[in-house]
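Since each chain sits alone in its own frame, please combine them into the complex, following the hints.
Same order as they appear, the protein sequences are chains H and W. By the numbering used here, the letter at position 117 of the first sequence is numbered 930, and the numbering carries on one by one without gaps. By the numbering used here, the letter at position 43 of the second sequence is numbered 44, and the numbering carries on one by one without gaps.
The hints are simulated quantities; they were obtained by calculation from the structure and are not laboratory data. Some hints here could point you the wrong way.
[As the list claims (entries may be wrong)] Have a look at the derived ranges for each label pair, beta carbon to beta carbon:
no., chain 1, residue 1, chain 2, residue 2, range
1, H, N929, W, I108, 20 to 28 Å
2, W, V81, H, L832, 26 to 34 Å
3, H, R979, W, R33, 56 to 64 Å
4, H, N898, W, E98, 55 to 63 Å
5, W, I103, H, D947, 16 to 24 Å
6, H, R841, W, F115, 43 to 51 Å
7, W, R66, H, E961, 29 to 37 Å
8, H, A836, W, I103, 39 to 47 Å
9, W, R66, H, R841, 22 to 30 Å
[What the hints assert, rightly or not] A few chain W residues that don't get close to chain H, going by computed Cβ distances all over 12 Å:
no., residue
10, P21
11, A22
12, V26
13, A34
14, K35
15, R37
16, P38
17, V44
18, I48
19, Y49
20, G52
The structure displayed is predicted, hence computed values, not measured ones. Where is the CB? At the ideal position from N, CA and C, for every residue including glycine.
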Amino acid sequence: MDNPGVVGAFYLLSGVTVLSSLAVFAVRNLLHAVVFLVLAFVGMAGIFITLSADFLAVAQILIYAGAVSILLVFAVMLTPLADRNNANSLFVLPGVAVAGGFATIVALVAVATDWNVLAEEDLGYRSFATTIADIGQALLGPYVLAFEVASVLLLAALIGAIVLVREEERA
Amino acid sequence: MIPADFGRVGLLIILGLSFPALPLVVSQLLLRAKQRPENPDPVKNAIYECGVESEGTAWGQFNARYYLFALGFVIFDVEVIFLYPWAVNQASLALTEPLVSIAKAAIFMGVLAFGLAYAWRRGALEWR
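Looking at chain W on its own, in the form it has when it is part of the complex (with noise of 0.2 Å):
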């Protein structure tokens, strides 16, 4: 892959801006226009049409249990970046040397599963 193949991803992202925005854009240029009604009323201005009304501001303080979730994110996260060449090179090695590939990440991914039963068991992904 060369850099100019990343170009489609560059296309996908362009897409996806443009995606949500352009109804918003051509919303305002109709209002400009006048060709758009504009009657606002509470219920048209909710945030949900239904279910359960939010209440106050999405700006409150998180509880600080939180912080151990991300903390095991990040640490899971680091993991994914040294499986990423392994399962990229899967392919090829799948034909040379299937088991001892598979048993070089098995034993990589073991010690972080072994990481993960012991937060188990300490209660650390429970909330308390």
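Excised from the complex, chain H in its bound form (with noise of 0.2 Å):
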């Protein structure tokens, strides 16, 4: 991560994801916060990619800024438009507190772990690689009895996704 280029996208991606984040708790209207959670979730992928882990940033942009926000937009566009207000919430305190403490909880472990850090002279052989490939090969090698047992686990989740919404209209 010598590269001013990367360091400079580091700083420029952290800091969109920061103020993305606060707007999401600023901003009154609550589909403008889904909005910039997801500028938020892709500035996170980038952050990713300037950490070299290529495949984490595509499981962000394709989980998180994908599913999960067209969850989120379905689960605020379903509710009447009355309840669409993201001010004056019962939980801003408890949720600073949570979030305040979490934030504390990870900053003194990331101060008081040892990192391992490789010296100079190993990162030079040690290049940044892409990880995809290598977790192709553990997923399609030894992993693959896991990797087939992943797509029974999406079908259970699709079949009772069915049957759920299926239940519901019939009672």
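Below, the structure written as structure tokens:
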């Protein structure tokens, strides 16, 4: 991460992520809050790329910026207009307390952990390569059973969703 | 691919954001410089120049039936996460174990295709 462009991108994306996270908290309209949350997710994906975790970045884009935000948008759009207010929530103080406590714990752990940082000369031959090829080789090699079982888990989720919705319609 | 290679992606994002923003900014600057005429009228301010007039706002409440489609999207979105590492490795796997690697993904997609068939059979894809 010595490339000045990568370092600059890291701080730019961190700024985007932090500011849009604050905007989620600050905006009055719930749908605008969701849009800022998606921006924070995308910024986080960019941070993962600058940290050489490209599979994590793809997963972040697909799962969080794609799937989770779709579910949130639907959750907002399915609620009546009058309830779509991001302001004056009862949970502001508990939320700030929990988020502040969690951030403090993460910061303490990050400072206290022995990160086992590689020396400069070791970084030379350990050039950052894409992680996706290695993950794919592991997923299709030794862990192929887990790969196939994951599809069964997704199948169970799909059938469960259909059954739940159909039950509601019959009732 | 090292992080710096993703700089092209960042460049594309910056270009993509500036492409729609630039005409708006230039238009505003020309208006400030009194170089652009401004004569609004109802036809000019209409959302569409032609086509069906939109009614109401876009803020209405969605029909709850859409939720099943959102859930289906989430399931197949997660499927893509698992198929992505497989697809990246396919170029090398096609040389060493061509049929086996395709069979592994085919089984994976087959199980989910069964789920899609079940959804179709149960009428979950229909609008009722």
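Now for the hints, and whether the structure bears them out:
1. N929(H) / I108(W): 20 to 28 Å: violated, 39 Å
2. V81(W) / L832(H): 26 to 34 Å: holds, 29 Å
3. R979(H) / R33(W): 56 to 64 Å: holds, 59 Å
4. N898(H) / E98(W): 55 to 63 Å: holds, 56 Å
5. I103(W) / D947(H): 16 to 24 Å: holds, 20 Å
6. R841(H) / F115(W): 43 to 51 Å: holds, 45 Å
7. R66(W) / E961(H): 29 to 37 Å: holds, 32 Å
8. A836(H) / I103(W): 39 to 47 Å: holds, 45 Å
9. R66(W) / R841(H): 22 to 30 Å: holds, 29 Å
10. P21: P21(W) clear of chain H: closest Cβ-Cβ about 16 Å, beyond 12 Å.
11. A22: holds, 16 Å
12. V26: holds, 20 Å
13. A34: Its Cβ never comes within 12 Å of chain H, the nearest being 31 Å, so this holds.
14. K35: Since the minimum Cβ distance to chain H is about 34 Å, K35(W) lies beyond 12 Å and the statement holds.
15. R37: Consistent with the label, R37(W) stays out of reach of chain H, its closest Cβ about 30 Å off (over 12 Å).
16. P38: Holds: least Cβ distance 33 Å, greater than 12 Å.
17. V44: Nearest chain H Cβ is 30 Å from V44(W), so the label holds.
18. I48: holds, 19 Å
19. Y49: At about 23 Å from chain H, Y49(W) clears the 12 Å cut-off, so the statement holds.
20. G52: holds, 24 Å
Of the numbered hints given earlier, the model fails hint 1 alone.
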